[in-house]
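Novice: Read off the chains here:
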Amino acid sequence: MTGTDELAIRAILAVPLAAALLLAALPGYRLTARLNVLAALATFAAALALLAGERPPPGPYLIVDDLNIVFIVLGTLVGFTTSAFSASYIQHELDTGRLAPVHLRFYHAMYQALMFAMNLALLANNVGLMWVAVELATLTTVVMVGIYRTREALEAAWKYFILGSVGIALALFGTILVYMAAHPVVGPGRDAMMWSVLVQHAATFDASMLNLAFVFLLLGYGTKVGLAPLHAWLPDAHAEGPTPISAVLSGLLLNVALYAVLRFKLLLAANPGALAPGPLMVTLGLVSLLFAAFMLYRRRDIKRLFAYSSIEHMGIVAFAFGMGGPIANFAGLLHMVLHSLTKSAIFFAVGHVAQVKGTQKLADIGGLTTSHPWLGWGLVLGVVAIAGLPPFGMFMSEFMIVTSTFARGQLLAVPFAVGLLVALGALLLRLNGVAFGPVRGSVAPARASYVPMYAHLVLVLGAGVYLPPPLVAWFRHVAAVLG
Amino acid sequence: MSGTLALDVAHVLAGGLVLVSFMMLYQDRLSALLNIFALHALVLAASVGWQAEVQGAPHLFLTAGIAFLFKAVAIPLALHRMIRRLGVHREVETVIGIGPTMLAGMMLVALSIAVMLQVTEGADPLAREDLAFALAVVLLGMLMMVTRRNAVSQVVGFMSLENGLVLAATGAKGMPLVVEISVAFSILIAFIVIGIFLFRIRERFDTVDVHALDRHRGEQP
Numbered sequence: 001m002t003g004t005d006e007l008a009i010r011a012i013l014a015v016p017l018a019a020a021l022l023l024a025a026l027p028g029y030r031l032t033a034r035l036n037v038l039a040a041l042a043t044f045a046a047a048l049a050l051l052a053g054e055r056p057p058p059g060p061y062l063i064v065d066d067l068n069i070v071f072i073v074l075g076t077l078v079g080f081t082t083s084a085f086s087a088s089y090i091q092h093e094l095d096t097g098r099l100a101p102v103h104l105r106f107y108h109a110m111y112q113a114l115m116f117a118m119n120l121a122l123l124a125n126n127v128g129l130m131w132v133a134v135e136l137a138t139l140t141t142v143v144m145v146g147i148y149r150t151r152e153a154l155e156a157a158w159k160y161f162i163l164g165s166v167g168i169a170l171a172l173f174g175t176i177l178v179y180m181a182a183h184p185v186v187g188p189g190r191d192a193m194m195w196s197v198l199v200q201h202a203a204t205f206d207a208s209m210l211n212l213a214f215v216f217l218l219l220g221y222g223t224k225v226g227l228a229p230l231h232a233w234l235p236d237a238h239a240e241g242p243t244p245i246s247a248v249l250s251g252l253l254l255n256v257a258l259y260a261v262l263r264f265k266l267l268l269a270a271n272p273g274a275l276a277p278g279p280l281m282v283t284l285g286l287v288s289l290l291f292a293a294f295m296l297y298r299r300r301d302i303k304r305l306f307a308y309s310s311i312e313h314m315g316i317v318a319f320a321f322g323m324g325g326p327i328a329n330f331a332g333l334l335h336m337v338l339h340s341l342t343k344s345a346i347f348f349a350v351g352h353v354a355q356v357k358g359t360q361k362l363a364d365i366g367g368l369t370t371s372h373p374w375l376g377w378g379l380v381l382g383v384v385a386i387a388g389l390p391p392f393g394m395f396m397s398e399f400m401i402v403t404s405t406f407a408r409g410q411l412l413a414v415p416f417a418v419g420l421l422v423a424l425g426a427l428l429l430r431l432n433g434v435a436f437g438p439v440r441g442s443v444a445p446a447r448a449s450y451v452p453m454y455a456h457l458v459l460v461l462g463a464g465v466y467l468p469p470p471l472v473a474w475f476r477h478v479a480a481v482l483g
Numbered sequence: 484m485s486g487t488l489a490l491d492v493a494h495v496l497a498g499g500l501v502l503v504s505f506m507m508l509y510q511d512r513l514s515a516l517l518n519i520f521a522l523h524a525l526v527l528a529a530s531v532g533w534q535a536e537v538q539g540a541p542h543l544f545l546t547a548g549i550a551f552l553f554k555a556v557a558i559p560l561a562l563h564r565m566i567r568r569l570g571v572h573r574e575v576e577t578v579i580g581i582g583p584t585m586l587a588g589m590m591l592v593a594l595s596i597a598v599m600l601q602v603t604e605g606a607d608p609l610a611r612e613d614l615a616f617a618l619a620v621v622l623l624g625m626l627m628m629v630t631r632r633n634a635v636s637q638v639v640g641f642m643s644l645e646n647g648l649v650l651a652a653t654g655a656k657g658m659p660l661v662v663e664i665s666v667a668f669s670i671l672i673a674f675i676v677i678g679i680f681l682f683r684i685r686e687r688f689d690t691v692d693v694h695a696l697d698r699h700r701g702e703q704p
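Which chain is which? The protein sequence lines are A and B, in order.
For the first sequence, this note's numbering begins at 1 and goes up steadily by one.
For the second sequence, this note's numbering begins at 484 and goes up steadily by one.
Since the hints were derived computationally from the structure, they do not count as laboratory data.
Hints may contain errors.
As the list claims (entries may be wrong) - Simulated coverage check for chain B against chain A, where a stretch passes if three residues somewhere in it have a Cβ under 8 Å from a Cβ of chain A:
hint : stretch
1    : 503-515
2    : 533-539
3    : 620-628
4    : 639-646
As the list claims (entries may be wrong) - Here are a few chain B residues that face chain A, going by a calculated C-beta distance under 7 Å:
hint : residue
5    : Val602
6    : Pro608
7    : Ala667
All C-beta atoms in this analysis are idealised placements derived from N, C-alpha and C, irrespective of residue type, glycine included.
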């Protein structure tokens with residue numbers, strides 16, 4: 001049994017890495033686009049095998065436990081569907097001359113390198129290794145954000161690069177402090193950087209050192225989560241890069257950074273003398289939610305609109321995990337999964353819309369449900385889901401966060417609910433202009449594959465109608481681990 | 484007493500790094516700034532080398548070597564060439580004046596020493612004061628990044644910040660992966676420098692030479 005699991009872990013890392021090298025070497029974009037999908041599918045299959053099998057004992061560098069397996073399965077799934085969307089997306093980019101075949105070779109290699117880096121960050125049992133992997137993920141996405149090489153794309157990539165690097169630097173300082181805190185208890189060397197060892201001994205670490213470390217880690221990785229006021233890179237990076245990259249940024253990379261924060265939160269929670277990490281996360285989450293909700297009204301660009309919506313939802317998730325407790329953690333986990341699925345589905349729709357209309361300006365897009373029914377209604381369903389309306393799953397997760405907050409602190413629940421309603425209004429207002437009313441912009445037929453988008457939407461709808469008991473039990477268990 | 488001597492030399496080198504960080508704050512010409520940065524990297528290399536000697540950790544010599552060859556020699560040379568080509572070697576525009584910047588820098592150093600010395604009471608003295616100085620260098624690097632508008636001087640600010648991190652990592656006795664992390668950082672910095680060079684980002688983002696980029700794209704098949 002253990003043998004197959006070891007194999008699955010290796011496959012999750014080796015397949016994307018090998019694919020990245022292979023795709024960098026192969027010419028011919030048709031072949032590489034298909035290979036990209038195939039590699040992503042193989043990685044997803046390996047993740048499923050890992051989920052089905054038993055957990056192998058933690059090794060010196062890699063670990064699989066109940067917490068990270070959620071992120072791995074979700075990440076590889078979205079990685080796979082996005083690669084399928086990407087294959088139909090880039091065809092149009094080639095036709096219009098925005099990308100040359102030589103760029104595509106690079107693009108596919110970077111896509112797989114990103115998958116490798118994210119899986120490594122999630123699987124790492126070593127805080128230093130995780131840091132290196134997150135840095136690698138940042139580098140690959142920076143390159144892809146700037147791939148159009150327009151003035152705006154370069155500016156966005158540069159901004160993302162500088163802010164991301166500062167965030168990464170702060171996270172490293174926090175990581176060093178964690179090592180310093182563990183050093184007197186665990187002793188020098190590799191053990192003092194291993195998750196599995198750190199969590200066991202966290203109760204005896206020096207509390208003030210851990211506190212300081214967590215502040216740096218929260219600010220550092222929080223920059224990558226896109227929490228306000230550290231979010232400045234996020235809208236630009238989403239708006240100016242290729243749309244598949246917007247989908248993986250929102251659907252995956254933000255989650256990976258959040259996972260890092262959660263891991264360190266566990267260390268603090270295990271130490272009785274350390275400060276409670278919850279209130280810090282609640283504050284950052286609430287600020288992000290309220291800030292993004294109001295900013296949604298002022299957006300003129302469709303991709304920026306949904307980028308701000310990602311800030312809003314990461315705020316909600318951080319808020320839920322900050323509140324803690326079985327219900328809020330469960331809801332936060334569910335919300336994170338559903339947000340990834342819904343937001344990437346929306347970006348799949350938006351990518352094709354922007355290609356058909358030749359613009360990302362909200363004012364120049366209108367009447368989509370009339371001109372492109374499949375795309376238009378897909379977008380409508382996606383926005384209804386992301387706004388937290390029933391019968392989609394995010395209604396349930398938001399409802400659970402609000403009720404559990406009400407039970408424990410009414411004063412917090414009020415601004416939280418206000419933020420949700422303000423964002424709902426903004427999204428529906430913009431949706432009305434884009435999807436209904438008179439047709440604006442080109443009516444050329446879209447050459448799009450709708451399967452990835454509708455597959456995500458069906459999953460999100462399914463989660464709203466019926467959650468299978470094994471899934472509930474699994475998430476409940478993870479929520480209990482998170483404390 | 485070789486024990487106190489080891490400690491004293493480590494302090495002098497770490498304190499020297501903070502001092503050089505201050506010197507960078509008031510440079511108003513890019514070429515001078517690059518020279519001071521080379522000095523910064525040199526002091527770092529000496530400091531890391533000393534730690535390697537004191538801790539008996541030969542792998543840290545590798546980190547010191549990377550700091551010296553890459554950051555004290557290669558990067559400053561490449562950046563010197565670049566700014567001469569871009570014609571931006573004359574002036575550095577600052578957002579706020581030198582005086583307020585220096586005052587803010589002093590406050591940051593006081594803050595980091597006050598915080599770190601209080602927090603790390605249990606840790607061993609060598610690591611403890613190294614960490615306080617390292618945090619000061621990190622904060623000064625960030626201060627430099629926010630007070631400069633030019634892309635090159637922002638990168639220099641980032642590199643000095645990163646030097647502070649390397650100092651902290653080597654001060655933490657027996658920390659594994661230090662060499663790997665310093666290599667990862669070097670790759671990051673190389674990426675930034677290549678990025679500036681390829682994309683010719685002048686004066687932050689306001690005057691990216693889009694014309695040249697368009698021409699370049701027109702040449703692609």
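Novice: Hint by hint, note whether the structure agrees.
Specialist: Hint by hint, here is what the structure shows:
Closer than 8 Å: that is the beta-carbon criterion, and the stretch 503-515 of chain B has 0 residues meeting it against chain A, so the requirement of 3 is violated. Counting residues of the stretch 533-539 of chain B whose C-beta lies closer than 8 Å to any C-beta of chain A gives 0; at least three are required, and the coverage claim is violated. Judged by the Cβ-Cβ criterion of 8 Å, the stretch 620-628 of chain B is covered by chain A as claimed, because 3 of its residues qualify and three suffice. Counting residues of the stretch 639-646 of chain B whose beta-carbon sits less than 8 Å from any beta-carbon of chain A gives 3, enough to reach three: the coverage restraint holds.
The beta carbon of Val602(B) is positioned within 7 Å of a beta carbon in chain A (closest approach about 5 Å), and the interface hint is therefore held. Annotation: Pro608(B) was flagged as interfacial toward chain A, and the flag is violated, the nearest CB pair being 13 Å apart, outside 7 Å. The beta carbon of Ala667(B) is positioned within 7 Å of a beta carbon in chain A (closest approach about 5 Å), and the interface hint is therefore held.
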